[in-house]
Amino acid sequence: MPEFEPVIGLEVHTQLKTETKMFCSCKTSASEAPANAFICPVCTGQPGALPTPNLRAVRLGAAAGLALGCEVSEVSVFARKNYFYPDNPKAYQISQFDKPLCENGAVELDLKDAAGGVRTKTVRVHRAHLEEDAGKSLHAIGSRQLDHTLVDFNRCGVPLLEIVSEPDLNSADEAYAYLMELKKLLQWVGVSNCDMEKGELRCDVNISLRPKGETKLGRKVEIKNLNSFKAVKDAITHEIGRQAAVLNGGGAVDQDTRLWNEKEQKTVSMRSKELAHDYRYFPEPDLSPLRISAAFKEELKKEIGELPKAKKDRFKAEYGLSSYDAGVVTGGKGLSAYFEACMSEVKRSGLAVPAKNVLNLIASEFLARLNGLKKDSVTLDPGDKELISPANLAKTAALTAAGKLSASAAKTVFAKSWETGKDPETLMGELGLAQVSDAGLIKDWAREAIAANPKAAEDFRNGNEKALGPLVGVIMKKSKGTANPAAANAAIKELLK
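If you count the sequence shown from 1, position 32 lands on 57 in the working numbering, and the numbers rise without skipping.
Just so you know, nobody snuck in bad clues.
Within a straight-line C-alpha distance of at most 35 Å, the following computed DSBU-like cross-link-like pairs (lysine-lysine) qualify:
no., residue 1, residue 2
1, Lys-241, Lys-291
2, Lys-381, Lys-505
3, Lys-327, Lys-372
4, Lys-245, Lys-124
5, Lys-288, Lys-137
6, Lys-208, Lys-52
7, Lys-372, Lys-336
8, Lys-124, Lys-327
9, Lys-255, Lys-399
10, Lys-258, Lys-334
11, Lys-42, Lys-106
12, Lys-326, Lys-381
13, Lys-106, Lys-52
14, Lys-245, Lys-115
15, Lys-468, Lys-491
16, Lys-249, Lys-326
17, Lys-341, Lys-258
18, Lys-245, Lys-42
19, Lys-436, Lys-208
20, Lys-208, Lys-322
21, Lys-291, Lys-245
Quick caveat, the hints were computed from the structure, so don't treat them as lab data.
Whenever a hint applies, use it, and build me the whole structure from the sequences.
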């Protein structure tokens, strides 16, 4: 049987972070509002109602384009996309067609290779264009199924940016990584919250298969109804298998639009795939072309500042971090600012602590507590009084690096400093957690550990290195976690040699 290569492109719709809709002054914060609470003649398509573009949405769309490395068009044009559906009251959607806001971008992905290393893949962004959202059809209220359909127009007219990738992805894992990177970029520049549960980020998948080594594309299938990144990954995995089975059986893949059935974990045909001419696009007669000046673009670039990739590269060069570690602290704009605040404190106070030690404390302790507070790495504020201060985190890392605190004791000091705001060195003294490196005292504890665990001692003498663990554990217990682990290891090895 021939081996097939998946060819995947994604269409991502992200809700722009505006107070009002794309072409009217109705509120966008309607996810928990009563049905049809935020509607007007413009967004419901009443005769004579004229649209006015939301300039904030235009600004955010252009900012997203710059973050994606796109060319922001000097002139872009709104167009009518004509189709009938109950949740589309105008019978057309205002979108963009042949002259979009942004074109020709790229997103770089760091992916694991077969050897466990990291490879870089560039995914081209074909275009990013502005459009308005449709309403929401309701077929049930709670658990009660309806024998008719209700329509809520609150979402109708909400500003969206549709980001269309080139078909550069070749697996479910690559698609997942692309979505994660895209989400990070959009949140980084503040254009969208990207909350999939609220419908603020939606993804359609275009996928085809072709024999490996060929360049001609196969018939494309579009998959909709994907409400999570996991669903995207699962749907792609299933569809690759389904199309391969059709082709291996001598059949042809139908070019259709399919829905993802989460419960049954399979795609189901919805309709034949539409082509652009099916929508009869033409320029929106009620809106002038958008004109973006070079000065406006430069202003936006300054406002956006350093993007994740540039910051990641700088962290690697400036602090000697690995690509993986630099990726951890550039996972969110707020988190990267917090890390930099910690390193500024290291420099200001003359603390002798490598950046790696600071990063380890952030990755192991800080992020766990951050999640417990239901805060995120995107909106994190380094000056938030609910968090441990960057100064105290840096001091805790410095005490550990200097051998004054063991790793386990550092966790206790970190937690107490977070809760009380007290200086870590003061807490270390108050809690009696200063690391013990006294060779004589540690050797006494080692003798007691050997006497209490003769079997482990004998196993270690016979070459079982793992038997060292329980013996060191006794020393740590006797010292209440303050014994220097390296000294404890050395003492036991010396006594048992």
